[in-house]
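Asks: Sequence:
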Amino acid sequence: MTKAALPGLSLCNNATLRRAGRKLGRFYDDVLAPSGLKGTQYGLLYQIHIGSEPAMGAIAEALIMDLSALGHTLKPLIRDGYVETFADKDDRRVKRVRLMPQGRAKLDEAMKLWSVAQQRFEAMVGKDEAAKLRAALDAVAALDFDMPPAR
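Here UniProt numbering is used: position 15 in the sequence shown is 15, and no number is missing along the way.
Read the hints as simulated data drawn from the structure, not as lab findings. Heads up, a few of these hints could be off.
Here are the computed lysine-lysine pairs in the DSSO-like style, where the Cα-Cα straight-line distance is at most 30 Å [what the hints assert, rightly or not]: (1) K23 <-> K127; (2) K75 <-> K89; (3) K95 <-> K75; (4) K23 <-> K132; (5) K38 <-> K132; (6) K95 <-> K38.
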């Protein structure tokens, strides 16, 4: 699609980020498809893996998503036996998530495919540009947009 076909979209940060995110999300979903996981599910399994039985609130905060969206994304992973949720031993109000052996095997399978996607993306945009893009997007994710409501 040419820039002429997208009047004004390139001037809107939100629209441009979302459009690029959808395109990249589809790419990763397609590469991860043989594992049966979507990119969001892979990212969640990985976050659980590196978090050592993290609390759901910590996962939601790290991924910048609300708890209901996290719960929705976890459901198929729980159903398929990849993860389980359990109450924290010190505070039963806190729900934690554990990667099950089947989930670890699925993560290992998907990690190989993810590596292929990373390599393909970096081949297309350049390794340095990909690193700069990740750094810029991390900086955006770290911004504090808490503002008083408009009057």
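Asks: The structure should be examined with respect to each hint, and the outcome stated for every one.
Replies: Evaluated hints:
1. K23 <-> K127: Roughly 19 Å separates the two Cα atoms, so the pair holds.
2. K75 <-> K89: 22 Å, holds
3. K95 <-> K75: 14 Å, holds
4. K23 <-> K132: OK: K23 and K132 at ~18 Å, within 30 Å.
5. K38 <-> K132: 25 Å, holds
6. K95 <-> K38: 24 Å, holds
In summary, this structure violates none of the numbered hints.
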